[in-house]
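Could you build the full structure based on these sequences and the hints that come with them?
Protein chains in written order, with this note's numbering: chain Y, 87 to 413; chain E, 12 to 311.
Take every hint as true, because none was put in to throw you off.
To be clear about the criterion: a stretch of chain E counts as covered by chain Y if any three or more of its residues have a C-beta under 8 Å from a C-beta of chain Y, and this derived list gives those stretches:
1. 147 to 160
2. 163 to 173
3. 244 to 252
4. 271 to 280
5. 289 to 300
Since the hints were made in silico from the structure, they are not lab data. Keep in mind the model is a prediction, meaning the values are calculated, not measured. Beta carbons are placed, not taken as given, at the ideal position from N, Cα and C, and that holds for glycine.
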Amino acid sequence: MPRPRGSARRLLARLGGIAASVVLVLCGAATLAFIAFRIIPGDPVEVMLGPQAQVSDAVKAGIRSDLGLDRPLLEQYGAFLGQLVRGDLGESYQLRLPVVEVIGRQLGSTLQLTGAALAVALVLALASVLLGRGRTARTVLAGIELVVLSSPVFWTGLVLLSVFSFQLGWFPVSGARDPAAIVLPAVTLALPVAALLAQVLRDGVEAAEREPFLTTVRARGATPLRESVHHTLRHASVGGLTLAAYLVGSLLGGAVLVETVFARPGIGRVTLAAISDRDLPVITGVILFSALVFVVVNTVVDLVVPVLDPRLRRAPSAIGRRAAVPA
Amino acid sequence: MTAPGRGGAGLTPPTARPHRPGRAVPPRRRRITGRAVALSLAAAVLAVLAVAAIAPGLLATHDPLLTDVRGALKPPSSAHWFGTDQSGRDVYSRVVHGAGRSIGIGLLATGLALVVGLIAGSASAVAPRPVDAAAMRVVDVLLAFPEFLVALLVVAVLGPGPANVAVAVTIAAVPVYIRLARAQTRALAAAEHVEAARIIGIPRPLVHLRHVLPGVLGAVSVLATIGIGTSILAAAGLSFLGLGPTEPTPEWGLMLSAGRNLLLQAPWVALFPGLAITATVVSVSVVGRVLRARAEERGA
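And the structure:
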């Protein structure tokens with residue numbers, strides 16, 4: 087299909103805009119982390135060595151100059167950003183490994199968990215919205231959602247673990263080797279996300295049902311399935327998608343708790359260890375990782391939403407598309 | 012009504028109020044009786060919790076710190092209603108004594124967030140446009156993150172400890188109040204009674220204090236009722252991770268974390284503190300939603 091020339095330029099401009107916002111958010115997060123660690127009390131070298139360390143002042147001064155902590159702040163900041171640009175997040179104080187490696191090694195496990203949880207959450211939320219028709223069902227589901235959202239995720243995890251692993255013995259207690267071991271953590275992590283998503287989708291579906299376009303759809307003789315999949319649910323999914331960053335954030339934050347409950351390896355473990363050891367480079371890495379996830383999710387959402395909602399497609403591109411169709 | 016994000020802006024009618032995910036759903040058409048039953052149940056739970064928080068001695072049956080090694084890990088019985096933990100301490104009394112700390116941190120963080128949000132939000136509303144715009148961009152980004160994740164990252168920066176947990180939960184809660192206070196201030200500053208007060212010559216700061224601020228405070232307080240639950244959850248999560256208070260302090264999150272390793276022998280050690288958290292947060296949400304529905308009915 088021949089494309090009008092303007093669209094390539096628009097695409098480039100769009101990609102440029104996306105790249106700029108990615109850089110901006112990451113730069114902002116890095117700057118915030120840098121400032122925060124300079125504001126909080128405590129000498130990084132003391133923190134690094136721990137309270138019990140018996141180290142002479144000369145050695146401390148040596149470490150300080152190795153880390154560049156004796157140089158002016160602005161110079162430190164410049165060096166820090168320079169390292170980031172090269173993809174170097176520094177070295178973990180405790181593990182003596184590059185931060186990128188520390189996080190990268192554990193990333194797979196967390197991604198598995200959050201990916202599985204996202205799938206479970208989507209299935210649960212869609213089932214609840216599609217099957218929960220009628221007033222009574224909706225009231226009951228709304229009640230369940232309230233309780234699920236109000237229960238701490240680490241407690242639901244412990245209850246599931248107690249019932250299904252210890253009492254019934256259906257699932258392994260912990261570990262990441264056995265594929266069945268991911269079921270309980272994923273369900274635990276998915277529950278609150280599913281409840282929130284179901285609330286949002288149901289509100290969206292109800293709003294769509296009040297719209298005049300649905301009368302038209304019904305008048306055209308659409309089946310109930312087509313009506314919900316192609317019209318009301320699609321309408322509602324725009325609302326769900328704008329929450330995507332929030333939902334992914336819930337999965338990440340929840341993953342820290344769920345990994346602790348089920349003794350799974352992952353980013354959560356890394357984060358917790360870094361917090362208790364005051365391993366500042368790793369903490370900075372985790373903050374930057376969260377910012378990166380946020381930017382990526384939002385960018386994807388921005389690209390997907392116009393596909394779902396024709397009203398958000400830009401007028402010029404619609405004209406361009408029409409012009410491309412041979413008359 | 013969902014939060015209209017950047018992409019969805021303009022799809023929702025202009026009367027739609029900003030809706031914070033995870034906090035509440037808009038009130039649905041429901042029979043009055045159902046709502047009343049839920050409300051009175053929630054109020055009863057909150058009343059008991061208030062007594063536990065203020066005067067735990069009235070409800071507790073044992074000393075929450077008293078250890079009894081021979082009576083450790085006993086299942087619930089008439090002597091120990093919720094059983095005993097690994098040191099033989101009475102779980103029921105520990106849950107009762109934990110109420111003050113666990114709920115207190117939620118109340119404290121919400122109160123602080125409300126005050127900070129009120130000041131920052133109304134300041135942003137009257138600030139020069141570039142300042143206002145920049146502040147709102149930051150608030151937008153923070154709002155896109157769940158409270159727990161923000162609180163966790165703040166604790167990561169500040170370091171563990173009960174005081175830092177309180178600060179972190181407060182910082183995590185603030186953005187939504189800033190946003191609401193700003194919107195309310197702008198709306199009220201343009202209201203007729205405020206304009207009338209200005210026209211008859213009352214100095215601006217006084218008008219703001221007497222006619223704008225009370226209205227903003229009302230709207231923000233309703234939101235705060237619902238926010239208490241979220242803050243309690245976030246704080247309990249942080250102390251479950253071992254970042255808040257330390258043993259032997261009776262605190263619900265911490266008790267759950269101790270119960271994690273006793274799940275096989277003594278599931279009750281983890282069960283009851285978790286139930287207490289859930290009951291508290293559900294009750295707070297129910298009361299908050301009813302208050303919000305009433306405020307909206309009055310406003311409509």
